[in-house]
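In the order they appear, the protein sequences are chains E and G. Just so you know, the working numbering puts 26 at position 26 of the first sequence, and the rest follows in order with no gaps. Just so you know, the working numbering puts 101 at position 101 of the second sequence, and the rest follows in order with no gaps.
By construction, these hints were calculated from the structure, which means they are not laboratory data. Hints are supplied without guarantee of correctness; some may be wrong.
Copies of one chain are not kept apart here, so a pair can be met inside one copy or by any two copies together.
What the hints assert, rightly or not - With a Cα cut of at most 20 Å, we get these calculated SDA-like pairs of lysine to any residue:
#1 K79 with K141
#2 K141 with A26
#3 K141 with A99
#4 K141 with A22
#5 K66 with A127
#6 K141 with R128
#7 K66 with A255
#8 K141 with D227
#9 K141 with D44
#10 K66 with A84
#11 K141 with D39
#12 K141 with Q37
#13 K79 with A124
#14 K66 with D140
#15 K141 with A183
#16 K66 with P177
#17 K66 with P133
Number of protein chains: 2
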Amino acid sequence: LTGGPPLNVLFAGRFDVAERQAWWNALRAAAPQCHWQRDDEPFDRSLIDAAVVANPAPGALAALPKLRLIQSLWAGVDKLLGDATVPAQVPLARMVDPAMNTAMAETALWAVLALHRRFFDYAAQQARAQWLPQAQRRVDKVSVLVLGAGQMGSAVAARLSAQGYGISTWRARDAVPLAPLLATAEIVINLLPLTPATGGLLGASFFAALPRGASVVNLARGAHVVDADLLAALDSGHLHRAVLDVFHTEPLPSAHAFWHHPQVTVLPHVAALTDERSAAQVVAANLSALARGDVISHAVDRARGY
Amino acid sequence: LTGGPPLNVLFAGRFDVAERQAWWNALRAAAPQCHWQRDDEPFDRSLIDAAVVANPAPGALAALPKLRLIQSLWAGVDKLLGDATVPAQVPLARMVDPAMNTAMAETALWAVLALHRRFFDYAAQQARAQWLPQAQRRVDKVSVLVLGAGQMGSAVAARLSAQGYGISTWRARDAVPLAPLLATAEIVINLLPLTPATGGLLGASFFAALPRGASVVNLARGAHVVDADLLAALDSGHLHRAVLDVFHTEPLPSAHAFWHHPQVTVLPHVAALTDERSAAQVVAANLSALARGDVISHAVDRARGY
């Protein structure tokens, strides 16, 4: 931060106590020139220049007359865009964290290896004490479709391609027909942003367009999936397996059919956690840009939805 | 095969019907100049120049007076070396198949990703319908020790290193002390050849030398592990998990404690299956070398044991 008065920055969000403290420490260490305020202590709303937020309570960003930047700590901003109390005219930046991209690529690679090499099936066999080797397929015969070509989709596609998988990619904004790509995909990985155009995309017609025996990996948002349609496609035997990190309601309710479905792998929204230290560096860079009057990185296009 | 009479080659081994036919087709396609004989049909033992074998029945390689090469279809030759009916003076070559190295690297990578990112733990949580995200660690903080620096150990170390893991390697013949390497390893992957020097290496003192919470991945031979010591180290909580592809007796007996142990992943010896087509090319190259009088590739040093 060069020149001018220090920025007053509000840290607002819902965390458990340890998480809140870890973020608070990381942010202040990365941008010590700022005056930091936290939303669980009293502060003067009239002074706040910027807000660094993670799932803030509704209304937390209202009545901040000087607010010039909202910086999300999460990559997905669908909840912020759906909150009418978030001021619509203030620039909103989403998190693009290299460490999070790496973590997402690791999760996707683990899921693809486990599907390709049948390790989920071997786990089911182990539960039955069943010794049954299955045919081993060469990596270049396995076709993976990555939905989404942003920072995370690109990181996933590059990592899988480096292992030898056959990769296709699709993104919503190009308006390329999806069905022909689905028809040849054995594994689909969803990394789309959640927008009005992509919500519910993974429904009956999507699953029907996949070849029999295909698997679906959802690492984006629960609302991309029509749960009943996914269960029907698994139960009919059309789909082999679903690996799900995200759900309509989180934590996934204990009565939900996904928990105990033999063809579903449930992860507790851990595919890619934001890394406090690297994310704090990204925040500091944007606060510095704000102080200098430079362009904000990773600004959300509100019309597009991400 | 250039010049001279065609080689008479015996194909001998124990397979199921489909496997036997797949190998038979692949071998004849790769080396069509040879006269191929199969051990489940009558043949003239006095004519056989070379034998291509996979777990042959005891005595299958005795009384072959012209035999000049035994080519294993498997990478491990410990069973052949332990069979007194296998002629000791005939050169023995083990399989070194690039496709098998790739498959082994895939399995090792899957196991390491699952351990590093806690996916085995999440599977256990799913069985309890428990939503409990755990801390996410950066790949460069995870230390992996690869035992064995042959074709497969090297392929595994290279693949893991390319993902960012911190890799150490050790091989038995260098006589470097193992304990200091174990002391800093979170994950140990065994890819050693099975020899009198390495059998039982993964026993009580080995496990005790690992830090608390470490995990063991055995992709080599069951006889490397002292099963009772491994179970004790898991039950005491000193070790976090074992991923086992190989066992003293295979198939793993249904009463063995590994099948239902919550900290053990059992795979039915599928970490790296030999790929018929690429392995047949390796066989053809050695048969061609034999016909020309050239040096055989991947000849086993019987004194060393691999």
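Evaluation of the provided hints:
1. K79 with K141: Neither, since 39 Å and 33 Å both go past 20 Å.
2. K141 with A26: Cα proximity of K141 and A26: across copies only (19 Å, versus 44 Å in one copy).
3. K141 with A99: For K141 and A99, the Cα distance is within 20 Å only across copies (13 Å; inside one copy 30 Å).
4. K141 with A22: Only across copies: K141 and A22 sit 18 Å apart there, 44 Å inside one copy, limit 20 Å.
5. K66 with A127: neither (59 Å within a copy, 50 Å between copies)
6. K141 with R128: neither (30 Å within a copy, 36 Å between copies)
7. K66 with A255: Classified as neither: same-chain Cα gap 45 Å, cross-chain 70 Å, threshold 20 Å.
8. K141 with D227: neither (29 Å within a copy, 37 Å between copies)
9. K141 with D44: For K141 and D44, neither the intra-copy (60 Å) nor the inter-copy (41 Å) Cα distance is at most 20 Å.
10. K66 with A84: Cα proximity of K66 and A84: one copy only (18 Å, versus 87 Å across).
11. K141 with D39: neither (52 Å within a copy, 33 Å between copies)
12. K141 with Q37: neither (54 Å within a copy, 32 Å between copies)
13. K79 with A124: For K79 and A124, the Cα distance exceeds 20 Å both inside one copy (37 Å) and across copies (30 Å).
14. K66 with D140: Result: close neither inside a copy nor across copies, 55 Å intra and 41 Å inter.
15. K141 with A183: within (15 Å within a copy, 40 Å between copies)
16. K66 with P177: Neither, since 44 Å and 64 Å both go past 20 Å.
17. K66 with P133: neither (64 Å within a copy, 37 Å between copies)
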